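Protein chains in written order, with my numbering: chain A, 28 to 370; chain B, 4 to 451.
FYI, nobody ran anything at the bench for these hints, they're computed from the structure.
Please note that the accuracy of each hint is not assured.
[Claimed, not checked] With a cut-off of at most 16 Å between alpha-carbon atoms, the simulated EDC-like pairs for lysine to aspartate or glutamate come out as follows:
(1) B:Lys-312 - B:Glu-415
(2) B:Lys-285 - A:Asp-198
(3) A:Lys-104 - B:Glu-381
(4) B:Lys-330 - A:Asp-97
As the structure is a prediction and not an experimental result, all values here were calculated from the model.
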Amino acid sequence: MDAIILQILNGLDKGSAYALIALGLTLIFGTLGVVNFAHGALFMIGAFCAVTLSRILTLSHTIIDETQKDFLGNPLKVDVPYVHDIFGVSAGNAIIDWAVPLSVLFAIPIMILVGVIMERGLIKHFYKRPHADQILVTFGLAIVLQEVIKYFYGANPIPTPAPEAFKGSLDFGAIIGFDPNIIIYPYWRIIYFAFAAVIIGGVFAFLQFTTFGMVVRAGMADRETVGLLGINIDRRFTIMFGIAAAVAGLAGVMYTPINSPNYHMGMDFLVLSFVVVVVGGMGSLPGAVLAGFLLGVLESFASMREVIDIIPGINQVIIYLVAIIILLTRPRGLMGRKGVMEE
Amino acid sequence: MSKSDVSRRGVLKSGALMGAGVALPTIFTAQSAHAFTNEPTGSTVTLGFNVPQTGPYADEGADELRAYQLAVEHLNGGGDGGMMNTFSSKALKGNGILGKEVKYVTGDTQTKSDAARASAKSMIEKDGAIMITGGSSSGVAVAVQALCQEAGVIFMAGLTHSNDTTGKDKRANGFRHFFNSYMSGAALAPVLKNAYGADRKAYHLTADYNWGYTTEEAVKSSTEAMGWETVAAVKTPLTQTDFSSYIAPVLQSGADTLVLNHYGGNMVNSLTNAVQFGLRDKQVNGKDFQIIVPLYSRLMAKGAGANVKGIFGSTNWHWSLQDEGSKAFVRSFGTKYGFPPSQAAHTCYVQTMLYADAVERAGSFAPCAVAEALEDFEFDGLGNGKTLYRGADHQCFKDVLVVKGKENPTSEFDLLEIVEVTPAAQVTYDPNHPQFQGGALGTCNNGA
Chain A
28 MDAIILQILN GLDKGSAYAL IALGLTLIFG TLGVVNFAHG ALFMIGAFCA
78 VTLSRILTLS HTIIDETQKD FLGNPLKVDV PYVHDIFGVS AGNAIIDWAV
128 PLSVLFAIPI MILVGVIMER GLIKHFYKRP HADQILVTFG LAIVLQEVIK
178 YFYGANPIPT PAPEAFKGSL DFGAIIGFDP NIIIYPYWRI IYFAFAAVII
228 GGVFAFLQFT TFGMVVRAGM ADRETVGLLG INIDRRFTIM FGIAAAVAGL
278 AGVMYTPINS PNYHMGMDFL VLSFVVVVVG GMGSLPGAVL AGFLLGVLES
328 FASMREVIDI IPGINQVIIY LVAIIILLTR PRGLMGRKGV MEE
Chain B
4 MSKSDVSRRG VLKSGALMGA GVALPTIFTA QSAHAFTNEP TGSTVTLGFN
54 VPQTGPYADE GADELRAYQL AVEHLNGGGD GGMMNTFSSK ALKGNGILGK
104 EVKYVTGDTQ TKSDAARASA KSMIEKDGAI MITGGSSSGV AVAVQALCQE
154 AGVIFMAGLT HSNDTTGKDK RANGFRHFFN SYMSGAALAP VLKNAYGADR
204 KAYHLTADYN WGYTTEEAVK SSTEAMGWET VAAVKTPLTQ TDFSSYIAPV
254 LQSGADTLVL NHYGGNMVNS LTNAVQFGLR DKQVNGKDFQ IIVPLYSRLM
304 AKGAGANVKG IFGSTNWHWS LQDEGSKAFV RSFGTKYGFP PSQAAHTCYV
354 QTMLYADAVE RAGSFAPCAV AEALEDFEFD GLGNGKTLYR GADHQCFKDV
404 LVVKGKENPT SEFDLLEIVE VTPAAQVTYD PNHPQFQGGA LGTCNNGA
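Between the sequences and the hints, there should be enough to build the whole structure, so can you do that?
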């Protein structure tokens, strides 16, 4: 029982990342009809927003410490962050320590801007082209973006830790009556799950309860009619692309303490996220979220030693197996709409 | 007017005879002119540096390339000479190799076996490389080593830690200076026993590929021999990024020690996840929970940040060593590039020097002559103390470093501290040891 609870918890935070990326993918597909293979790269750029802010906050000037030697035997050069000079050592360290949460604010405008530039600069030219062309151009864009990041930040992972206050783990088992140390769960992963829930809820509320959202939903249902009513639906869809980019970016920002970001992290999530979108149902926002969490939990269960002992290798194929079964039984996915991707 | 005796048939006959006469010396000397693949005939000799320039190990590859460029500079008489000054063999004079200026070409392995073979093939066939060296993965090393054997050139492996490189996949034309999984296990076990006792329950997470298997086997056998119990050994996909679902069950298993048989990005992520789950703050079986990383790399440790603090592992070489060879290399490399070299850079530099020295001692670039000069060659002054290039399997035997993540690093390079220098004798094994059985060196190939 304890193992099952543990894997459900694990699956929820993994599913959070899948759901956030898949949500953005579905928003773009549902509004613009574009299959965006560069969406994983937006997740990666979001993570590197956190790295960048962390580097900005640790911008330093150098002082020479005559009492210590460097590796060549010369007096040691010590970097002193400017925030120490401005706010004092204690407050300065606290600001640096909170770089990742602060990056959420830093990343929102950047990611919206990146999304809008991507859509206006490249993707809009492919609206009327076949999906194969869209996939090729966005996949190429993803490779370009990751190589640009690698050029500036290197190929190695860059540690971007959570604030000291959120290090360690919660003994969840002890709270619900199990022995201590049996079901433990890192605080930051709990925060990640809560953060994902807030973002997903915010996007749904925005689409459901605002006039802007209502127009966008109407446009998703019948773009031509909305256009005939004199509404500039293209501009709204461009903004939605920016919002989808921000959702992926924020998922990346908050993911950095879980795994040190590297230039390839977007590709690691991309294929899985597409499976999530397909399983959820192309164009269905609730389907993307549901499938994200479902596949996250299933992937966790398939990684259990007891399961691998019975079916070796199941941990590597479980998501694709489930996708095949669901698509065979429900060809439009869990919550797919009739007519989407069926022309 | 006299009649000319010159006929068309006569001209053809004479031409054919003259052609044959002119060609005759070439026909009979062709064999000796190209006695082996890419025999250097001009004033230069070309080496092929096959390193990951793209992909996840690109930073390690960049450091390897820096070391190769430094080695070439030193071989051609430039710079301060680096470890040429401390090398026990004095065959190298700083005038290239056998008086020929050293040039180099580079290839990108991408840390993919097929790409690495393609780039090595291109350097051999198009650029005329006489020797191939480099790499940051055992899969690549084994693949390129086999290619070099077929092509008839020497392969001086870069960073490759799997037992198989000089075990079941060894080749007569291939040589490895870097240490291996068995040596890591043999060096780590006594240190772990001293630090954590002989009664431990270990849980292994192992990267699901060749290097992972040999490392798991080596660490398991050496720790079990000193009394540890292996509770479980779980394979993790090489593409895994989030290890939470593999780490979460560790405490439930009753294990008090986690061994991460991971390298590169896998190691960074699994260690980060394990520390996040607070494993190191827990007590199991009345003991503090411990994590072990059998193969450390400074470049990878940097990716894991503060998570490496206090965690034991092993490494082939570290820039903080105080022997004359290491100091000379660190001074040379640090002055040129502004930071200390990695273990990957060290082994690549040393391999280039060893190859050049062997050519000088053999008096020939012929691969089989070079191989003979390297086999059972004993040397010192290259940073690992007295070293033997064993002829039976082409593996170097030298001291192995047991290291620990430093508690209070003074710089971004100062991440590991040396806990023990394990003597070569303690990590030496029989060529027919069970972990190295299968395969044979075969015979050296000169190609042509």
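Checked hints:
Of the pairs offered as hints, the one joining Lys-312 of chain B and Glu-415 of chain B holds, with about 13 Å between alpha carbons and a cut-off of 16 Å not exceeded. Of the pairs offered as hints, the one joining Lys-285 of chain B and Asp-198 of chain A holds, with about 11 Å between alpha carbons and a cut-off of 16 Å not exceeded. This hinted pair does not check out: Lys-104 of chain A and Glu-381 of chain B have alpha carbons roughly 40 Å apart, beyond 16 Å. A hinted pair counts as satisfied when its Cα atoms are at most 16 Å apart, and Lys-330 of chain B with Asp-97 of chain A qualifies at roughly 13 Å.
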